[in-house]
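My request is simple: use the sequences and hints to build the entire structure.
The listed protein sequences derive, respectively, from chains X, D, E and L. Positions 31 to 257 (our numbering) are the ones given, in order, by the first sequence. Positions 31 to 257 (our numbering) are the ones given, in order, by the second sequence. Positions -12 to 205 (our numbering) are the ones given, in order, by the third sequence. Positions -12 to 205 (our numbering) are the ones given, in order, by the fourth sequence.
There could be a bad hint or two in this list.
[Said to hold, decoys possible] Here are the simulated DMTMM-like pairs of lysine to aspartate or glutamate, each with C-alpha atoms no more than 20 Å apart in a straight line:
| hint | chain 1 | residue 1 | chain 2 | residue 2 |
| --- | --- | --- | --- | --- |
| 1 | X | K257 | X | E220 |
| 2 | X | K251 | L | E48 |
| 3 | D | K251 | E | E64 |
| 4 | L | K59 | L | E47 |
| 5 | L | K155 | X | E168 |
| 6 | E | K109 | D | E112 |
The set of hints was computed from the structure by calculation and includes no laboratory data.
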Amino acid sequence: MQKQMKPEEAIQKIQSGHTLMVGGFGLVGAPLTLIDELTRHDVNQLTVISNNLGEAGKGLGILLRQGKIKKAIGSYFTSNREVGDFYNQGKLEIQLMPQGTMSESIRAGGAGIGGYFTKTSAGTELAKGKETREINGELYVLENPLKANVALVKAAKADTLGNLVYYKTARNFNPLMATAADFVIAEVDEIVEAGELSPEEIVTPHLFVDAIVQSQLILSKEGVVSK
Amino acid sequence: MQKQMKPEEAIQKIQSGHTLMVGGFGLVGAPLTLIDELTRHDVNQLTVISNNLGEAGKGLGILLRQGKIKKAIGSYFTSNREVGDFYNQGKLEIQLMPQGTMSESIRAGGAGIGGYFTKTSAGTELAKGKETREINGELYVLENPLKANVALVKAAKADTLGNLVYYKTARNFNPLMATAADFVIAEVDEIVEAGELSPEEIVTPHLFVDAIVQSQLILSKEGVVSK
Amino acid sequence: MTNKDIQELIAKRAAAELKPNSVVNLGIGIPTLIAKYVEPGSVFFHTENGMLGVEELTSEEDLDPSLVNAGKLPISEGIGASYFNSAESFAMIRGGHVNVAILGALQVDQEGYIANWAIPGKNIMGVGGAMDLLSGAGKVIVTTNHTSKNSESKIVAKCSYPITSLRKVDVIITELAVFKIEDGKLVLKELMPGVSLDEVKEKTEASFEISEEIIVLR
Amino acid sequence: MTNKDIQELIAKRAAAELKPNSVVNLGIGIPTLIAKYVEPGSVFFHTENGMLGVEELTSEEDLDPSLVNAGKLPISEGIGASYFNSAESFAMIRGGHVNVAILGALQVDQEGYIANWAIPGKNIMGVGGAMDLLSGAGKVIVTTNHTSKNSESKIVAKCSYPITSLRKVDVIITELAVFKIEDGKLVLKELMPGVSLDEVKEKTEASFEISEEIIVLR
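And the structure:
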């Protein structure tokens, strides 16, 4: 099975109205090439699940300016002040989640879990309208799984089968999102032959990955640069 | 912090009435040295969470014969026919769980999840008495987390801080159980200096591990042998 | 035919169900015989104890006691294989990432329900991964002898043994026939070599429809 | 004192709370200043974006743009460090495997409730890992300026901002004093160097008890 694709080819899987997951903690571990490609792809009404929405006019922030995003699900939008502006103008829906609940919900989506109880957010504004339950004397909130049509993830290396390994804190949400979407596109800095990755070090087994794209934009000390 | 201990020293953490987790899929990845040590440790009324209860007179099967086990929680006891005999004589309580539910419940115990919904076992005898709920048109069962006082796990290597890596299918339940007990004893074939394991390949970070024990019994082609 | 011949016949037919590049979980019993009928590398075998990329062990010398499948039988490691813990393994299964599960059965009924984990009157002592596989696998193929040792049909009107899941199976392969469950009904699709329709009718307790395009294997 | 001096003073005092070998998560702001007051290797720093074994970046040359803490600031990798995904990282936090969390605050009240993620009237746009850390950390230490920029007490009778958790904090460290929450009550334990009890009383909206063994730092 040929999983290697060009960015513009892989991105065709994204359609208007889709829910997308996009890996990364800020720009660290974000699939920069795929996000860039997405700015040239004619879609709208997207729901984007990502920890942040980039920065003002950068990364996912460009998609926001382009009016392609209908709803953002994440834990920390403060790094892009335009998010608040779009929200106040009624141009953007926001679903704010505690970061641990967001990551657990993505895992649940990928693992076929129908919902789970967590203490996180119990008794706070973020639990409003959610089912709560006392378990062993403490209050828990029922949280739902998160799934997506397409996930855009970033890894350090892929083999030709689609096995992935990550690099340092660029790992973050990527291995989780790779489990929770119908179609998973992995942007990687290096593609090696099957068998070159150690079976013990593979973090994302290939059954989760549908397409592999070579990165063209990377995060350097000087910011985002072409490779 | 000195985590390295002798087996007889580490095993003192186990007291009568405790709930224990014991890693391994059959004998593969089972902490054979610690189990052997436990046969010489004077405790009883144990609840043992382990996929199997060894074989007749082997591994955890010895503890069963010694009458130390009050209750067994696992997915597949058929490999030790004495389990049925003890159960019929009222000498043993059994809690049978689907293997995926057992592993997910151990993960939940370690991850602070208060309970979760799974389709697995819904509508079957194993779901009797459990809360069920329809989610998106399908029936789910609420399952509880599993925790233990002490976990006995097996890894291939530890560094002196307690970081662990595993070997092939001997990994199985071990990394999960290492997260879900108050005191975690890791039996390993090799102990290396901190810094010798690659940060990317560490499967169990050291914060989960309380004691490290050098293995004395190992599984070979010829069965269980002294090292 | 010896029982061994019967099992190999069923396994070979089951192998033909597997599409290239699919991820396949093989249960204990007949399913473990299937791998050798599949071109190496054409499908990826998953075992629920924590590995993707299972291959047949071809030499006793390569036997590694810490490398086993769900039946605790020694296996070997294919190119591109990976290891993961039990929760991750069942997350793959429950989450719908395993395309096909091939399982044995005690009974399968005409609605597609399977019973393969407990016998009434005996202690219920083992379930393993059966319920999880039924919950999550994309397609479930049952490979089973058509009749029990007591010559009773295993393809029954309604399971009398405890069922494994509310999810129904998709394909049933025996030494006599291949059935599919279509719109909640059991449909006879193929007759195995040398088997007559009358023989299948005689040895099958379940009601079934007969496909208009029934295939008679040679 | 400049605000920078104040923050360093608080950070230094907070460092003294850390027992050897404990696993510590540092929040954004003042907490990020704490690591340099801790002997390297004596405690293990955890960052919720997926790493155990965080160390201070000591040289710009070693800066790796893909190696950052929860504040997206560059860090370096200590001996015995490890990486994991966000769900595993928060499983450590929620599951009680992180001994200490040190966090900033907008308000802390006399019962020990903390508000540190949202300001009424402003859009609620960020929460990050704050709620998870409150839910799961073994001990929660708050490091904060005693008063806001408008000279209002941040140690209040009752939080007027949305609280972060039903879980109460354990220790509050400001440039004026150290408080602990004991039996649900705020207790003044220490006066920072050169600070009088009167000054603390004046600048603290919350009611508090005074420890019989109050420590006056020099």
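Here's how the hints hold up against the structure:
1. About 12 Å separates the Cα atoms of K257/X and E220/X, which keeps this hinted pair within 20 Å; it holds.
2. The straight-line distance between the Cα atoms of K251/X and E48/L is roughly 10 Å, inside the 20 Å bound, and the hint therefore holds.
3. Between K251/D and E64/E, the direct Cα distance comes to roughly 17 Å. Compliance with the 20 Å bound is thereby established for this hinted pair.
4. About 15 Å separates the Cα atoms of K59/L and E47/L, which keeps this hinted pair within 20 Å; it holds.
5. Among the hinted pairs, K155/L with E168/X is consistent with the structure: their alpha-carbon atoms are about 13 Å apart, no more than 20 Å.
6. For the suggested pair K109/E and E112/D, the alpha carbons sit about 14 Å apart, so the restraint of at most 20 Å is met.
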